[in-house]
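Please build the complete structure, drawing on both the sequences and the hints.
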Amino acid sequence: MQQLTRLAGSEVTIEINAFVAGMIALGAVFSAYASEVFVSAFRAIPRGQYEGAYAIGLSPWLTMRLVILPQLIRLALPGLSNLWLILLKETSLVSVIGLADIVRQTGIAARVTKEAFLFFGIACLLYLILAVLSSFVLSAIERRVSLSGAVR
Amino acid sequence: MSLSQSAAQADDLPPPVEASKWTRARITGVVLLAIWALLGLGIVLFLVSSWNPELFRRYAPNYLSGLWVTVQIVVISTLAGAVLSVPIAIGRRSKNRIIAALAYAYVYFFRGTPLLAQTFLIYYGLGSFRPELQAIGLWGFFREAWYCAIFAFTLNTAAYQAEILRGAVESVGRGQWEAAAALGLSRFQTLRKIVLPQALLVALRSYGNEVILMIKGSAIVAIITVYDLMGETRRAYSRTFDFQTYIWAALIYLSLVEFLRIATDRMERRLTRHLRR
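Residue numbers (the numbering used here), protein chains in the order written: chain A, 1 to 152; chain B, 1001 to 1277.
Keep in mind the hints are simulated off the structure, nothing from the lab. Just so you know, these numbers come straight off a predicted model, no measurement behind them. For glycine and all other residues, C-beta sits at the position ideal for the given N, C-alpha and C. There are no misleading hints in this set.
Only some residues are given here: those of chain B computed to face chain A with a beta carbon under 7 Å:
{"no.": "1", "residue": "Ala1117"}
{"no.": "2", "residue": "Phe1120"}
{"no.": "3", "residue": "Tyr1124"}
{"no.": "4", "residue": "Gly1127"}
Computed beta-carbon distance windows for the label pairs:
{"no.": "5", "chain 1": "B", "residue 1": "Trp1036", "chain 2": "A", "residue 2": "Gly79", "range": "21 to 31 Å"}
{"no.": "6", "chain 1": "B", "residue 1": "Arg1277", "chain 2": "A", "residue 2": "Phe136", "range": "40 to 50 Å"}
{"no.": "7", "chain 1": "B", "residue 1": "Trp1036", "chain 2": "A", "residue 2": "Val137", "range": "32 to 42 Å"}
This is the structure:
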């Protein structure tokens, strides 16, 4: 993972800025994991759903939009929210290619004030707060999605 | 009679399979696949075209020593983390509220913050306590980046492994405990002979994943001046400005992870052969 960040960063910093490089690298990593989640979610939807949709005359596009995707979201959400939390932590790696994220700013502050433990502790707390907040939001979304459905 | 019967049968037969058509979805799929294949081919071609025996002879030993450092870090911290994870897992299951809360806080902290921030917290942060550490004679330990990295990784992986262990032990049914108690086995005997053998089978895959995560995470130590595989790669890149150094590192990490994945697969198949029909 990290070498991927470095990979994009070191090649690209010459032409485009570090933010885009970090975004591309993290996006590539995230898309690889997310595609796995989606594949397993697609596999969990029985063929009968497609056949039923075909039988009532839905086009492939409508089948996807009205029948498959609503179920897919419910199946994929736990995996995606997990990935979101992992991605949140992985963003700290962009500080290595010179982006001014939490870790980098903390490093600067620590070097200036010589209070490294305090500042890195605060950085860890910030990440924890972000994780707690996003897990609240994610579980709210999950509750919202699962409320509207029947028992599987 | 027989003629109409066979005609009726012919009606019942499924329609003949149509030759697959070049639908829009299929064309898109093939084009996308071709793009991926071209990208892969491009990397291979780049490696072949920029093959430089001089460079290889110069940096291959460095890469090997870096790989050895990476393996050492992963093995040591995974084993130490496994030992440390046992009391944490017990604490998570403890009935004592305070102990359970402490264990949960530990796990939550180490799973909720980035490994990079934890490593910095220990490597740079503990420097603030230099007088105190010197007083208890631990400064020599925390002065070295190598020990700091192993310490941080051990704490981190202990949190993850504690969760794996707890989940695996909880996956073993209550009936197993009760049956063992009925046979007059002590709690420790039950754990060692009945519960753990079943729990560890469940946990094997998760442990494999955790080791793989550790391998990928261990690249972080390059930032705190430990020359592991990533550190050697960065050094080689800073000397040659040759982009292929990173590709070689990626290939080495990839083969390491792939080797581990195959090994855990084999192990799981071998260990669960009594469960297959």
